[in-house]
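So you can see what is in the structure, the chains are spelled out below.
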Amino acid sequence: NAGVTQTPKFQVLKTGQSMTLQCAQDMNHNSMYWYRQDPGMGLRLIYYSASEGTTDKGEVPNGYNVSRLNKREFSLRLESAAPSQTSVYFCASKSPGLAGNTGELFFGEGSRLTVL
Amino acid sequence: AQRVTQPEKLLSVFKGAPVELKCNYSYSGSPELFWYVQYSRQRLQLLLRHISRESIKGFTADLNKGETSFHLKKPFAQEEDSAMYYCALRSFNQAGTALIFGKGTTLSVSS
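Protein sequence lines, in the order shown, are assigned to chains D and A.
For the first sequence, the residue numbers in our numbering are 4 to 119.
For the second sequence, the residue numbers in our numbering are 14 to 124.
Chain D with its partners taken away, still in its complex shape (with noise of 0.2 angstroms):
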């Protein structure tokens, strides 16, 4: 199993120019998750998807769209990139919860962007 794989894992953008992140999960995960990871700010959720054919904001969307192709893939796409996205990006995924708990996230290796 290679869990929770995205691509790429680097990309460096000029401003205005548009790019999809892609992630794709085989643990048959209902739940899957954006986050950023900037210096000092720590994780943020970008959007989620809770279930195939569902998406939500989450804390930062603005500058963002998602796409939940299907249960493995859940895709993030800027339009017009900023360099205020200059980020890491991480995908997750998560398990489900045991006895009403909350399931344990799995995460990608995360891709590095930068925009110029």
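Derived by calculation from the structure, the hints in this document are not laboratory data.
There may be inaccurate statements among the hints.
Ranges of calculated distance between the beta carbons of each label pair, as one might list FRET restraints [claimed, not checked]:
| id | chain 1 | residue 1 | chain 2 | residue 2 | range |
| --- | --- | --- | --- | --- | --- |
| 1 | A | Phe-89 | D | Ser-21 | 44 to 54 angstroms |
| 2 | D | Thr-18 | A | Ser-124 | 37 to 47 angstroms |
| 3 | A | Ser-43 | D | Val-15 | 39 to 49 angstroms |
Straight-line C-alpha distance at most 30 angstroms; calculated DSBU-like pairs for lysine-lysine [stated by the list, open to error]:
| id | chain 1 | residue 1 | chain 2 | residue 2 |
| --- | --- | --- | --- | --- |
| 4 | A | Lys-22 | D | Lys-60 |
| 5 | A | Lys-116 | D | Lys-17 |
| 6 | D | Lys-12 | A | Lys-116 |
| 7 | D | Lys-60 | A | Lys-28 |
| 8 | D | Lys-60 | A | Lys-116 |
Note that this is a predicted model, so its numbers are computed, not measured.
Cβ coordinates follow ideal geometry from the N, Cα and C atoms, glycine included.
Knowing the structure of chain D, use the given hints to seat chain A on it.
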């Protein structure tokens, strides 16, 4: 508002010293809290959750509802404990469940 506060950006200790990483939360209702850890060049991973009441790698964390805290403790730090530690709070809304993370604390253990 749901919030997780980790007041220390960096905690530096010597090997063998006790460690306490602080975490405070704001949540109306019954909270569910976690500690996640990111070692150098590794993926972010779950360390422990308050519901399990377990000790992982010598770390424990007790939920104190009166003080709204979930501090992570270890009596004797090891160099391999050096990592970034995130406290996280389960957040519910009608769309589903997500985790809200604090800003993280870097633990540096030196010999």
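Structure-based check of all given hints:
1. The hint said 44 to 54 angstroms for the Cβ distance between Phe-89(A) and Ser-21(D), and at roughly 51 angstroms that hint holds.
2. In this structure the supplied range 37 to 47 angstroms holds for Thr-18(D) paired with Ser-124(A), their Cβ-Cβ distance being about 45 angstroms.
3. Distance hint for Ser-43(A) and Val-15(D): a CB-CB separation of about 45 angstroms, consistent with the stated range 39 to 49 angstroms.
4. With a C-alpha separation of about 27 angstroms, the suggested pair Lys-22(A) and Lys-60(D) falls inside the 30 angstroms cut-off, and the hint holds.
5. In summary, the hint linking Lys-116(A) to Lys-17(D) is supported, as the alpha carbons are separated by about 28 angstroms, within the 30 angstroms threshold.
6. Of the pairs offered as hints, the one joining Lys-12(D) and Lys-116(A) holds, with about 23 angstroms between alpha carbons and a cut-off of 30 angstroms not exceeded.
7. For a cut-off of 30 angstroms, the pair hint linking Lys-60(D) to Lys-28(A) is broken: about 42 angstroms separates their Cα positions.
8. Under the criterion of a C-alpha separation no larger than 30 angstroms, the hint pairing Lys-60(D) with Lys-116(A) is consistent with the structure, at around 20 angstroms.
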